[in-house]
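Novice: Below, each chain spelled out in residue letters.
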Amino acid sequence: MTTSTKQRLPRLRAQHRSLTRPRRSPLLTALTLIVLVYSLAPLVWLFINATKTQADLFDSFGLWFGGDFALWDNIQQTLAYDDGVFGRWFANTVLYVVAGAGGATFLAVLGGYALAKFDFPGRRGVFALVIGAVAVPGTALAVPTFLMFSQMGLTNTPWAVIIPSLISPFGLYLMWVFAAESIPAELLEAARMDGAGEFRTFFQISLPLLAPGTVTVLLFTTVATWNNYFLPLIMLRDADWYPLTLGLNAWNAQASTAGGEAIFNLVITGSLLTILPLLAAFLLLQRYWQSGLTLGSVKE
Amino acid sequence: MSTRPRRALAGTAVAGLLALGLTACGGAEDQGPVDTASALEEGGEITVWAWEPTLEAVVADFEAKYPNVTVNLENVGTGNDQYTALQNAISAGDGVPDVAQIEYYAVPQFAISESLADLGPLGASDLEGTFSTGPWDSVHSGEGLYGLPMDSGPMALFYNQEVFDRLGVAVPTTWDEYLAAARAIHAADPNAYIANDIGDAGFATSMIWQAGGRPYQVDGTDVGVDFTDEGTKAFTAMWQQLIDEELLAPVGSWSDEWYQGLGSGTIASLTIGAWMPANLESGVPQGSGAWRVAEMPQWEAGAHATSENGGSSLAVPAASANSALAYAFTEYATTGEGAQTRVDGGAFPATTEQLESADFRGKEFEYFGGQKVNEILADSAANVVEGWQYLPFQVYANSVFNDTVGQAYVSGTTLDEGLAAWQEQCITYGSDQGFTMG
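Listed in order, the protein sequences are those of chains A and B. No gaps in the numbering here: position 226 of the first sequence is 226 in UniProt numbering, and each next residue is one more. No gaps in the numbering here: position 358 of the second sequence is 358 in UniProt numbering, and each next residue is one more.
Some hints here could point you the wrong way.
[To be verified] Simulated coverage check for chain A against chain B, where a stretch passes if three residues somewhere in it have a Cβ under 8 Å from a Cβ of chain B: (1) 50 to 59; (2) 234 to 243; (3) 253 to 264.
[As the list claims (entries may be wrong)] Residues of chain B placed beyond 12 Å of chain A at every Cβ, according to the derived structure: (4) Y83; (5) R342; (6) G370.
[As the list claims (entries may be wrong)] Quick list of simulated restraints, FRET-style, between CB atoms: (7) B:Q433 <-> A:A91: 41 to 47 Å; (8) A:M152 <-> B:M437: 40 to 46 Å; (9) A:T157 <-> B:E41: 27 to 33 Å; (10) B:A321 <-> A:V143: 23 to 29 Å; (11) A:W45 <-> B:E246: 51 to 57 Å; (12) A:T157 <-> B:T428: 41 to 47 Å; (13) A:Q151 <-> B:E42: 29 to 35 Å; (14) A:G84 <-> B:D165: 38 to 44 Å; (15) B:E375 <-> A:W45: 53 to 59 Å; (16) A:L278 <-> B:G370: 44 to 50 Å; (17) B:G93 <-> A:E181: 30 to 36 Å; (18) A:L46 <-> B:E375: 40 to 46 Å; (19) B:E375 <-> A:Q151: 52 to 58 Å.
Treat the hints as calculated values from the structure; they're not laboratory data. As the structure is a prediction and not an experimental result, all values here were calculated from the model. Backbone N, C-alpha and C define an ideal beta-carbon position, used for all residues, glycine too.
Work out the full structure, taking the sequences as your base and the hints as a guide.
Specialist: And the structure:
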């Protein structure tokens, strides 16, 4: 990583100058404000409209509150609609995230550590494979995966969503880089000299050092699994196994079905409830997130 | 034209299918009458693909009545999405459901490829007279009977009485009056339109149907497409004026804007199928009390001609491993108790028993200001003009409607030119598929 550090040096120096003599740029401030509004507007819209009744949704101005503050009503209805199927979808999503994202993170940590700290033939090949895999979007793999799972008889089961979620090439790559930089080889050597087995070295010495990277990968994979739409869409037929994304889409589709019950207010309230756990995860883990993103950008 | 012209053509249909190189596996044709009672007793598990919301209650009742039977009700998507999935499953020979909801316009497409079991030998031929004639015709293809009618959509004029009153416009009973009303509404309130339309295949074909047009002539694998007959011309001449004078709201049906327009009164009426009340009640709650239903406007004053718009059947795919049980469920869900459960849930039935029952006809709808809406809708079901046929590749045809006829709504193309282009594309596609196009 020395070459990349050298390349980044000039930029770092420039940053350093502006940090010691901060200049306020009206243009940058304005740009930042625009980005801020751009990022928050959908959330604000979502919250405002989650407080409206179905009638108000169409009658009142989209970016301000309607006549009735119906948020609690809407939440109650969302949770109760169709015998509380929203709760079931929520539980499914949590299952997919815990098993899928949790599993993906665990595998990424194991693999990244092994690739960074053990020298074995074929490491370069694995590197090329991982980098190549990062470039392939999951969407492109969904249909071949479906055909394969279909042959194995796994479609329409939770496994069809969990197993593909376990693979996170980007997470593996991130952990590889992180493990290479954050665990000094001397430390491992010392541990081995003191007679620690490989498992003990990994779990008691390396894992704590890897914590910031692990949290970062966990966040990445959690977001990816929580928002996963296309994969479950083609894998699942049974609404009892839907994650929230598919469930909300099914609710939305009711409005365009002859004889279907239009429930726009519940779709919107359901969407709000769906993003709350992600918001919480981000707010609670954001310092890890930040330190994860700046991985390797400064040489200590 | 007789009630069921297609039945006479069995021989050609079968020959045509072989010519098409499709596997005619014949479904349950050779098994003779199937004992559904013992199938129900024995039990088993079946999978049903449907999006119709009232089926959930039907499945619960069915499972309670026949405890040995398990029904997996799966919503694979509405309309086209489901047909794609079904077609894929049939091609793959894997994951085919035992029962599938198929709209009437799509039945011929699945029937001609022998993807569906003929339900006649399974007991469905005894159900003659159970369903109103429009839907009953629609589930026949060639000599086969490929589904049982689940719901129907005889058309009617749904209108917002408050808007018509406010603008001082009379509710039209003929299409001439309709055109005049469209002008009057838009003149009185530039934001208001009598209806919305940006090109909708189902709507256009239903309008041509009512006007007496018969653009599709299907005789086994001999298929004729002709959008120049009198009925079609009657429709295009009238509708073209609405388009030219910009009297139609440029809003697609089922969109958010559509629901908004229906609620705010900028879309004053809908000429649509009888399943609409449930959608209005849930999607346009603020219109409660304002909406009414009238007979579909007529081409001749005093006539009572209507057509079907939408509506779907339950069919049993030929690949179902348990067609006896699948049929037993289909019959339960579409007749007797099952039909009643669905009517109670707000669906519009296809069964004459429900359509003629005093309870059904006499029901006062609070949403429609206490109007006995079902009287009008059930009469519409009885007045559907006979002899309409859909193409054996109507799903494809409808998917290219907007590329051809849809142009009439956004450019200088006329409806007639658009229909000619649509006809052209359908003929090309049909020839490619091995049909004899005339």
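Novice: Next, verify each hint and record whether it holds.
Specialist: Verification of the supplied hints:
{"no.": "1", "hint": "50 to 59", "verdict": "holds (count 5)"}
{"no.": "2", "hint": "234 to 243", "verdict": "holds (count 3)"}
{"no.": "3", "hint": "253 to 264", "verdict": "holds (count 12)"}
{"no.": "4", "hint": "Y83", "verdict": "14 Å, holds"}
{"no.": "5", "hint": "R342", "verdict": "9 Å, violated"}
{"no.": "6", "hint": "G370", "verdict": "21 Å, holds"}
{"no.": "7", "hint": "B:Q433 <-> A:A91: 41 to 47 Å", "verdict": "46 Å, holds"}
{"no.": "8", "hint": "A:M152 <-> B:M437: 40 to 46 Å", "verdict": "43 Å, holds"}
{"no.": "9", "hint": "A:T157 <-> B:E41: 27 to 33 Å", "verdict": "30 Å, holds"}
{"no.": "10", "hint": "B:A321 <-> A:V143: 23 to 29 Å", "verdict": "26 Å, holds"}
{"no.": "11", "hint": "A:W45 <-> B:E246: 51 to 57 Å", "verdict": "31 Å, violated"}
{"no.": "12", "hint": "A:T157 <-> B:T428: 41 to 47 Å", "verdict": "42 Å, holds"}
{"no.": "13", "hint": "A:Q151 <-> B:E42: 29 to 35 Å", "verdict": "30 Å, holds"}
{"no.": "14", "hint": "A:G84 <-> B:D165: 38 to 44 Å", "verdict": "43 Å, holds"}
{"no.": "15", "hint": "B:E375 <-> A:W45: 53 to 59 Å", "verdict": "44 Å, violated"}
{"no.": "16", "hint": "A:L278 <-> B:G370: 44 to 50 Å", "verdict": "48 Å, holds"}
{"no.": "17", "hint": "B:G93 <-> A:E181: 30 to 36 Å", "verdict": "52 Å, violated"}
{"no.": "18", "hint": "A:L46 <-> B:E375: 40 to 46 Å", "verdict": "44 Å, holds"}
{"no.": "19", "hint": "B:E375 <-> A:Q151: 52 to 58 Å", "verdict": "54 Å, holds"}
Violated hints, listed in ascending order, are 5, 11, 15 and 17; each of the other numbered hints is respected by the structure.
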